[in-house]
Amino acid sequence: MLKALFKKQLLEIREIYTPKKYRGQKRKGSVGFIILYAFCLLSVAAAFVGMAELVCGPFHEMGLDWLYYLFFCFVALAVGIIGSVFSTYSTLYRAKDNELLLSMPIPPMKLLLVRMLSVFFMGFLFEAVVLLPAFGVHIYRCGTGVLNILGCLLGLISTGLVILALTCLLGWVVALVGSHTRKKSLVTVLVSLLLMGLYYFVYFRLNSLLRSLVDNAVTIGDKVSGNAYILKLIGMGFAGDAWGICVFALIALALTCLTVYLMSVSFVRLTTMNRGEKKIVYVRRKMTRRSMLSALYAKELTRFGQSPTYLLNNILGVIIMLGGSVYVWIRFSAARELVNSLLAQAPQEWLRLLTIVPGVAVSFMCSMNAVTAPSISLEGSSLWVLKSLPVKLGRAFTAKQLLHFTVNLPAALVMCFTLCALLGLNAGQWLMNLLYAASYTAFSSALGLFMDLRKPHLDWTNESVAVKQSASVAIAMFGGWALIILSCLGAYFMRRVFNIAPLLFLVPALGALALDRWIYRRGPDVLMNI
Amino acid sequence: MLRIEHLTKSYGEKKAVDDLSLHIQPGEIYGFIGHNGAGKTTTLKSCVGILRFDSGEIYVDGISVRANPLECKRRLAFIPDNPDLYDFMSGIKYLNFVADIFGVGEKEREERIHRFASMLELEKDLAQPISAYSHGMKQKLAVISAWLHAPRLIIMDEPFVGLDPIAAHLLKGLMREHCDAGGAIFFSTHVLEVAEKLCDKVAIIREGRLVVSGPMDEVKGNSSLESVFLELEDQHA
Chain U
1 MLKALFKKQL LEIREIYTPK KYRGQKRKGS VGFIILYAFC LLSVAAAFVG
51 MAELVCGPFH EMGLDWLYYL FFCFVALAVG IIGSVFSTYS TLYRAKDNEL
101 LLSMPIPPMK LLLVRMLSVF FMGFLFEAVV LLPAFGVHIY RCGTGVLNIL
151 GCLLGLISTG LVILALTCLL GWVVALVGSH TRKKSLVTVL VSLLLMGLYY
201 FVYFRLNSLL RSLVDNAVTI GDKVSGNAYI LKLIGMGFAG DAWGICVFAL
251 IALALTCLTV YLMSVSFVRL TTMNRGEKKI VYVRRKMTRR SMLSALYAKE
301 LTRFGQSPTY LLNNILGVII MLGGSVYVWI RFSAARELVN SLLAQAPQEW
351 LRLLTIVPGV AVSFMCSMNA VTAPSISLEG SSLWVLKSLP VKLGRAFTAK
401 QLLHFTVNLP AALVMCFTLC ALLGLNAGQW LMNLLYAASY TAFSSALGLF
451 MDLRKPHLDW TNESVAVKQS ASVAIAMFGG WALIILSCLG AYFMRRVFNI
501 APLLFLVPAL GALALDRWIY RRGPDVLMNI
Chain E
1001 MLRIEHLTKS YGEKKAVDDL SLHIQPGEIY GFIGHNGAGK TTTLKSCVGI
1051 LRFDSGEIYV DGISVRANPL ECKRRLAFIP DNPDLYDFMS GIKYLNFVAD
1101 IFGVGEKERE ERIHRFASML ELEKDLAQPI SAYSHGMKQK LAVISAWLHA
1151 PRLIIMDEPF VGLDPIAAHL LKGLMREHCD AGGAIFFSTH VLEVAEKLCD
1201 KVAIIREGRL VVSGPMDEVK GNSSLESVFL ELEDQHA
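So the sequence lines, in the order shown, correspond to chains U and E.
Positions 1 to 530 (this note's numbering) are the ones given, in order, by the first sequence.
Positions 1001 to 1237 (this note's numbering) are the ones given, in order, by the second sequence.
Simulated from the structure, these hints should not be mistaken for laboratory data.
It should be emphasised that the depicted structure is a prediction, and the values quoted were computed from it without experimental measurement.
Some clues are possibly wrong.
[As the list claims (entries may be wrong)] Below, a list of computed lysine-lysine pairs in the DSSO-like style, where the Cα atoms sit at most 30 Å apart:
1) Lys392(U) / Lys1107(E)
2) Lys96(U) / Lys279(U)
3) Lys1015(E) / Lys1220(E)
4) Lys1220(E) / Lys1172(E)
5) Lys1107(E) / Lys286(U)
6) Lys279(U) / Lys1107(E)
7) Lys110(U) / Lys96(U)
8) Lys110(U) / Lys8(U)
9) Lys96(U) / Lys232(U)
10) Lys1220(E) / Lys392(U)
11) Lys8(U) / Lys1014(E)
12) Lys1093(E) / Lys96(U)
13) Lys392(U) / Lys286(U)
14) Lys1107(E) / Lys1172(E)
15) Lys7(U) / Lys1014(E)
16) Lys1172(E) / Lys1197(E)
17) Lys1093(E) / Lys279(U)
18) Lys1093(E) / Lys1015(E)
19) Lys96(U) / Lys1197(E)
20) Lys1172(E) / Lys1093(E)
21) Lys3(U) / Lys96(U)
22) Lys1093(E) / Lys1124(E)
23) Lys7(U) / Lys110(U)
24) Lys1093(E) / Lys1107(E)
25) Lys286(U) / Lys1124(E)
26) Lys279(U) / Lys1124(E)
27) Lys286(U) / Lys1093(E)
28) Lys7(U) / Lys96(U)
Next comes chain U alone, as it looks inside the complex (with noise of 0.2 Å):
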């Protein structure tokens, strides 16, 4: 039965990266958007690469490889938390086939593990970006060992375990909070907010405990203890100790285990939870007459607001933006003073390229939030609605692109006007980065459509396959983060022939121009035919 069950989740997946085409059509193309979708995450492995290079070489010679690879391992924790968090509550209680299978002899246990696997998957995916360019690094620049390798091997999954039990855990609080509440959608997003923030909080503690350790790493290495002595077991286990690989499988095990059990206790209650909302009686009042794009756009806002996974995978990125802009106004000088330090010893051909860094950090950041990425998916077995009113389908593109500069647009201006003040830019210079956060917002806004438009999943069980783990949504984003690095990467080489940097923002306008043609032009055909 787990077997049979596994198989249907497992074709949901391979579903998800590799759609039929509609109407019978045989499935074709997937081999060119697996290569794409490799490319993409390679370009972010890549950036990857270069962090490990940079610790890679010091920590080795100070005989510290577990600290570099326990380094690794808590990048890759809140790699994959942050990647799969967000997902795993409608994963894990919000499937359109639940009822069917409860209605089927099924322990309630076999389908919970089953809805686990395809949040491990997720995750698994997020942190492998992290910890498999760190193990090559490590393996090219160091050498290696059968128990090295098998370390590596076993910390991947062990490190993937990790990150299923925190992220059910997170969802699982979510729903029992929600169990108990009209709300259902405003509770969900501010429990989780509020959980990730408990959790970074915790995680930047421990970061800052492993800054300590790497400043004072030989000091501090001799003298660990406690708890700070299972750490570096963990680091060890990586590096090819025995007892280490053991303690760390045992900890995620254990870990896994106590969360299958905490969760198994209430699976059913939480999954057939009726969702009934407070009943409103309907009042009668005047009704105002809006636009065709304003009841599109109006549509598309509204959807937005009801899907805790839709709105929390696209608002964290603009939380980030906003609030980091408020803090760094709040405490602007201290800001600048770092800022200025740090300029004052960064070689001076980079500082060239400095004058860019606002729009592109900017973007980085936009490129987390890919609210038309998973727009088309979104429409599921509703699309007949768009397809059968009279609406020109170009206006109803022009709405979901209108809801992703809603979004991003603000927060990513704000953002970008606070780095241009705190790096001293000059007034050309904050036009470049302004323009340059504005239409890499557009380029975003038009490659998640034109992806949806090309990769749609409509048969999704939960809406999370949709907005989370679609082929279009990761290629959005990382075709994003692929872009800016090529184009930043072009900058800083042809530096010495020519500085193309103040006009770097015309790579994305450009690409956001190409991208819109298509959409308009045979979007709306393509559309049909789905």
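Given chain U, work out where chain E should sit, using these hints.
Showing chain E alone in chain U's frame:
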């Protein structure tokens, strides 16, 4: 009102609809009958402009669905077999959305929503999210949204599924009233008794091909529609 000429639509190798021609005139309730997978839904969706067809032509009020789908959609309404509406909206928000798309004026929409929602006993629930609606309530909402912009042609796929007996009775009344006012209705159903009593004309389709069509009395003669349908199925099996 609706003219289907030599409609053909394939899914890969399989012909779902093969050279189908029908003509639905103003004032007619036209029933569309066939076994599961006969091509009824494909035909209805092609008429609405949801599905692109391979060959043939479909005209709504003399306007080609292929050449001018938007103008055709403005003149018709569609209710699918499974009313998957926007779960994230409330009933009233959905109706207002549809009214906005069709450009229905404020007064007209208020009057029509009140009339149809109170008739189908859905008015009190209009503020509820659609996700909280039962299948029947969603079907009622789909019916209200179809009648909301006073279309000339209404196309429905299995409209009675999920409706309680009272709502089904009311819907039949609404259909007759619509056609008496000069509109037309083209709908598919498996409930042959309903088709027999309600429809002015009927078409029976099998494996994408039209088997018989015409006025109800001519098609069924002295026997019931059910026996005619079963007989035709046997002949073509």
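Hint-by-hint comparison with the structure:
1. Lys392(U) / Lys1107(E): The hint holds at about 25 Å.
2. Lys96(U) / Lys279(U): 23 Å, holds
3. Lys1015(E) / Lys1220(E): Given pair Lys1015(E), Lys1220(E) holds - Cα atoms ~28 Å apart, limit 30 Å.
4. Lys1220(E) / Lys1172(E): 21 Å, holds
5. Lys1107(E) / Lys286(U): 9 Å, holds
6. Lys279(U) / Lys1107(E): 27 Å, holds
7. Lys110(U) / Lys96(U): The given pair, whose Cα atoms are some 17 Å apart, holds under the 30 Å limit.
8. Lys110(U) / Lys8(U): Holds, at about 13 Å.
9. Lys96(U) / Lys232(U): Violated, because 43 Å separates the two Cα atoms, which is more than 30 Å.
10. Lys1220(E) / Lys392(U): With Cα atoms ~43 Å apart, Lys1220(E) and Lys392(U) exceed 30 Å; violated.
11. Lys8(U) / Lys1014(E): Given that 30 Å is the threshold and the Cα spacing comes to 27 Å, the pair holds.
12. Lys1093(E) / Lys96(U): Judged against 30 Å, a Cα distance of about 24 Å means the pair holds.
13. Lys392(U) / Lys286(U): Cα-Cα ~28 Å, so holds.
14. Lys1107(E) / Lys1172(E): 26 Å, holds
15. Lys7(U) / Lys1014(E): 29 Å, holds
16. Lys1172(E) / Lys1197(E): Measuring from Cα to Cα gives roughly 10 Å; hence the hint holds.
17. Lys1093(E) / Lys279(U): 16 Å, holds
18. Lys1093(E) / Lys1015(E): At roughly 39 Å apart (the allowed maximum being 30 Å), Lys1015(E) and Lys1093(E) break the hint.
19. Lys96(U) / Lys1197(E): Violated: Lys96(U) and Lys1197(E) sit about 38 Å apart, past 30 Å.
20. Lys1172(E) / Lys1093(E): 26 Å, holds
21. Lys3(U) / Lys96(U): With a Cα-Cα distance of about 20 Å, the restraint between Lys3(U) and Lys96(U) holds, given a limit of 30 Å.
22. Lys1093(E) / Lys1124(E): 14 Å, holds
23. Lys7(U) / Lys110(U): Holds - the C-alpha atoms of Lys110(U) and Lys7(U) are around 13 Å apart, at most 30 Å.
24. Lys1093(E) / Lys1107(E): Given that 30 Å is the threshold and the Cα spacing comes to 16 Å, the pair holds.
25. Lys286(U) / Lys1124(E): Within the cut-off at roughly 16 Å; holds.
26. Lys279(U) / Lys1124(E): 10 Å, holds
27. Lys286(U) / Lys1093(E): With a Cα-Cα distance of about 13 Å, the restraint between Lys286(U) and Lys1093(E) holds, given a limit of 30 Å.
28. Lys7(U) / Lys96(U): Holds: Lys7(U) and Lys96(U) sit about 17 Å apart, inside 30 Å.
Violated hints, listed in ascending order, are 9, 10, 18 and 19; each of the other numbered hints is respected by the structure.
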